[in-house]
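Protein sequences appear in the order of chains A and B. Numbering (numbering that gives the first Met the number 0) for the first sequence: 0 to 283. Numbering (numbering that gives the first Met the number 0) for the second sequence: 0 to 794.
Source of the hints: derived by calculation from the structure; they are not laboratory data. Incorrect hints may have been included.
Unchecked claim - Okay, the calculated beta carbon distance ranges per label pair:
hint : chain 1 : residue 1 : chain 2 : residue 2 : range
1    : A       : D66       : B       : F714      : 40 to 46 Å
2    : A       : T205      : B       : G791      : 35 to 41 Å
3    : B       : L240      : A       : K54       : 54 to 60 Å
4    : B       : L710      : A       : K54       : 37 to 43 Å
5    : B       : P66       : A       : P171      : 50 to 56 Å
6    : B       : E734      : A       : D238      : 55 to 61 Å
7    : A       : D14       : B       : G281      : 51 to 57 Å
8    : A       : E6        : B       : F714      : 56 to 62 Å
9    : B       : D135      : A       : F36       : 28 to 34 Å
10   : A       : S12       : B       : P726      : 37 to 43 Å
11   : A       : P171      : B       : E454      : 46 to 52 Å
12   : B       : L710      : A       : T282      : 37 to 43 Å
13   : A       : P171      : B       : L710      : 39 to 45 Å
Said to hold, decoys possible - With the Cβ distance kept under 10 Å, some of the chain A side facing chain B (calculated, not the full set):
hint : residue
14   : W190
15   : I192
16   : L257
Idealized CB from N, CA, C, for every residue including glycine.
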Amino acid sequence: MIPAGFEYYAPTSVDEAVTLLHDHEDAKVLAGGQSLFAVLRVRLAAFESLVDLGKIDELRGIRDDGDALVIGAMTPHSVVQIDPQVFDHARLISLATATIADPQVRHRGTFGGSLAHADPAGDLPAVAVALDASFVIAGPGGRRTVGASEFFQGVFTTAVGEDEVLVEVRVPKYTGWGAHYEKFNRVAQQWSIVAVAAAVRLEGDTIAEARVGLTNMGSTPIRATAVEQALVGQPATADAVRAAAERAADGTSPPTDLNGDADYRRHLASVLTRRAVLAAAGTG
Amino acid sequence: MTSTQERPAAEIGAPRKRKEDARLITGRTRWTDNVVLPGMLHLAMVRSPFAHARILGIDTEAAENAPGVMAVLIGTDLADEQGALPNAWAVVPEQKAPTHPSMAVDHVAFAGEIVAMVVARTAAEADDAAELVDVDYEELPPALDLKASAADEVLAHPDLGTNVSAVWTFDSAESGTGQDVDAAIATARESGIVIEREIRQQRLIPAFMEPRSIVVDPTAEQLTVWSATQVPHFVRIFIALVLGIPEHKIRVIAPDVGGGFGGKLQFTPEEVLTVIAARRTGKPCKYSESRSESLMSAHHGRDQVQKVTLAATKDGTVTGFKAELLADMGAYLGLVTSAIPLLGALMYNGIYKFPAYRLTFTNVFTNKTWTDAYRGAGRPEATFAIERLMDELAAEVGADPLEIRERNWIKHEEFPFDTVTGMRYDSGNYEAATAKAKELFGYDALRAEQRRRRESGDPVQLGIGVSTYTEMCGLAPSRWLGSMGYVGGGWEHASVRMLPTGKVEVITGTSPHGQGHETAWSQLVADRLGVAFEDVEVLHGDTQIAARGLDTYGSRSLAVGGMAVLAAADRVIEKAKPIAAQLLEANVDDLDFTGGRFGVRGTESGMSMGELAFAVFQGHKLDGSDVERSLDADATLDPDDFSFPHGTHLCATEVDTETGGVKIRSYVSVDDVGLVVNPLIVEGQVHGGLAQGIAQALFEEAVHDESGTLLTGSFVEYLVPSAADLPAFVTARTETPATTNQLGVKGVGEAGTIASTPAVVNAIVDAVRHLGVTDIPMPCSPYRVWKALQEGTRS
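Build out the structure end to end from the sequences listed, making use of the hints.
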């Protein structure tokens, strides 16, 4: 359980980090290390250099930017989880973050690290997709912003290039929306078999808008647009939501593993979507 | 002199917090991996990624030239030196087994088998160089499926000619302990009930908290070996026998050891190889396995297919039981691999009066990690089978599962009871334990809620599972072990030493690895000698200090080792008596010993044990050669028979019929472990046992792919539950003393594991039986429960 040797760099600015990544052939960004060190220790992966972002103050913190919240990539889960701005304007993030692993992991692991790791069974990618977050990426040519649908490109693969760093994530405000993250796993510290992230805005008893993201239903997080569309204009009742939730697995190709086959995951997606939406609407 | 047992027992029964906990919980203690010696070298093992292969060649050149590397050793280097790892239990005289090398020479039989070893200056350098060892394998077809392997479809060891190691049978008609089971089944087929099931006891991984670690120092006159083991005394003997090092030149130390659950009841390849590396280099060597290596190569547990048949009358009175077991040995026989099914083979009758019984087990080799003891070792398998069948019988009869059990169990007034398998249950009170469990559980109210949920078609259904278990504890009478084919004995040894200042050293041959012997043995001795609990120190786990012992496993420590401690303490009192008589100038017959003090009856004159110890240390006032100048005593105790703890466990589960998810709503265990020395320790053992038994029912399974690679090779896939995944247990006890030892204790280390698995699975099946489900394979994952519901609804 000893990683292969590597050079260690701890830049203090984003520019310095980008330069290091650019100048070193086999370099990898180290954020909170909660996923990276697991694979390094069992030697499933090895890098010549690690560029630790932990000393870059700019990457930490949460700020209000008008119609969006901006969460620094290196903000630990434990900070995001209890942040009042996140709770008020993007509650889905607070709720999903609270389900990540255990307190030790949430203390070390970071918001941006988790998203950039892009594990389809991770909790935050589906939330980011559902909330239509955008990702600010710094590289040798400057900064660029990509939407959630472009950001996640495959299993452990994102739009962040080898010499780029995820700087921050911009989340539109969902003030007053109901939210729920319905996670289904076998033991508390396990990844989701399937999970559903849901946010809804009610007008009276009617669902005016809905956002639904699916965890571990494919190689990337999936936004269940068919469900979202079917929910709009519907009453937030069990029957109406059940009908819409039946479309949750439309167009998905979920994986088969020890915890279930694709059919089971499609079935779960539907059940969990119903529960998540009803809970988000306050009627679950 | 009056008996000390008549004094009120101030210490025995007291809920003492464990004296060892502060250092164990903080980790600031003597784990083997914390041992650092001058000039110490580090080892890394190269392990086969293939389940079955021939080794065509190994290129070690790059590894040898890597930084810090002192040596790279491969099997052909060690062929003459390494000997063969031992199996200590031939269950039949004609038992077959392949030679078990510590390092494979030309053939690997499971993924994880060691093929080379790197010795380097640092652990990191050793790990780096191990990656450079280039092994040329020729893959062979692996024997993986247990049933197919039993039929010799693919051979795990082509040279052995068969995968079948042994076939063992017990038949009550043949042995004269009962009737003919085939006749009972035939009768039941005509006019009664026959329940037949095939049960899969999935493969489990002990997953102890501290991975195994070994340090060997060859620089002193005695070779000193530190090992994270349950069995330092075994390790010493086997190093001597396997490597030809004289036993008196070996010292083995098991310092603090972080759990074992049977997984460290082993003599390991890594121990042999670390000794070899240290002797070859002349320097201290350390090997500490990674968690991945531990999960892959430390021995696994369970893995049986049980074909079981229960015959009964229409009213649910059992008339016969038959079992045919296939037991997966894995690739080799470890220390007692072959005997794991045997340790349950005479217990499938559980707490019941069966007139007829036959059990056959077939031990089968496959190309998987070798199996061996895991908490309960054979008895969880037995208990699961019979307790699942009793629930199925109840369903068939249409009766309450507790009523069916009561109809068949041994009544409390019938003890001692000779069972159909020839065991003698000395004591028990199943009625009392069951009545207490029912009350604590709120049995009737939960049954009423179950009915309501069924009637309303609630998506979350409630089920109640029962397990009324017994087990044989206190391994073991040496005569019994010998008669069953084991090469060793089952006695235990203890010494009690009175120090000059009145403090007491207790030396025990048991080797705790989390059980709390230091606390419990202190309580025993404090009570018996009348000294303060704090004044007793318990030493263990070092063959230079505890020279004689047979270590810790099989719920034996208190019933055998603890009773040896008491016997030694009694001898101290006997030795002290004539000394006290001399010093008090009294007749021996006029002395009383109470509260730690010898007093002359009818006078104020007396001496405490501490005063006596100092007087003996001085020796000034002692006279005559018949009085030994010592208050130290030894005792070796070999029990006459086993003890038989029992209990009633009740589990309520909520099954989410939409997702297949299972939640344990409540769990009540009432255990009868006889007299309790420390209720806190008993409580801890029950909680941990329940967690592991529930884990088998719901979470844990070692899974291999079609090439024999372990898919559950990390804790991401191998699901060990945490506190968040378990309910708040309600635990209680009844106390029916054992008659097979002087204190009436039984043993508690395995009870929770043995009892809980069937209680949980019975509860799940009970929740969804009305939906057409009669069985769910373990572990009952949501996916499997959901599939069973799909199939149940279709049929």
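>> 37 to 43 Å was suggested as the range; check whether the CB atoms of S12(A) and P726(B) agree with it.
In response: Cβ of S12(A) to Cβ of P726(B): about 51 Å, so the range 37 to 43 Å is violated.
> Holds or violated: is the Cβ of L257(A) closer than 10 Å to a Cβ in chain B?
Replying inline: holds, 6 Å
> Is 39 to 45 Å a correct range for the gap between the Cβ atoms of P171(A) and L710(B)?
Replying inline: Cβ of P171(A) to Cβ of L710(B): about 41 Å, so the range 39 to 45 Å holds.
>> Would the hint on W190(A) be counted as holding, given a Cβ-Cβ threshold of 10 Å to chain B?
In response: holds, 7 Å
> Does the Cβ-Cβ separation between P66(B) and P171(A) fall within 50 to 56 Å?
Replying inline: Holds, at about 53 Å.
> Are D66(A) and F714(B) spaced within 40 to 46 Å by their CB atoms?
Replying inline: Check passed, 42 Å falls within 40 to 46 Å.
>> Tell me if the beta carbons of E734(B) and D238(A) are separated by a distance inside 55 to 61 Å.
In response: holds, 56 Å
> Should the hint that L710(B) and K54(A) are 37 to 43 Å apart at their CB atoms be regarded as holding?
Replying inline: holds, 39 Å
> Do the Cβ positions of L710(B) and T282(A) conform to the proposed distance bound of 37 to 43 Å?
Replying inline: holds, 41 Å
> Given a hinted range of 56 to 62 Å, is it respected by the beta-carbon distance of E6(A) and F714(B)?
Replying inline: violated, 30 Å
> That 35 to 41 Å hint for T205(A) and G791(B) (C-beta), does it hold up?
Replying inline: Since the Cβ atoms of T205(A) and G791(B) sit about 39 Å apart, the hinted range of 35 to 41 Å holds.
> Cβ-Cβ distance between D135(B) and F36(A): within 28 to 34 Å?
Replying inline: Given a distance of about 32 Å, which is inside 28 to 34 Å, the answer is holds.
Taken one by one, the earlier hints fail for this structure at numbers 8 and 10, listed in ascending order.
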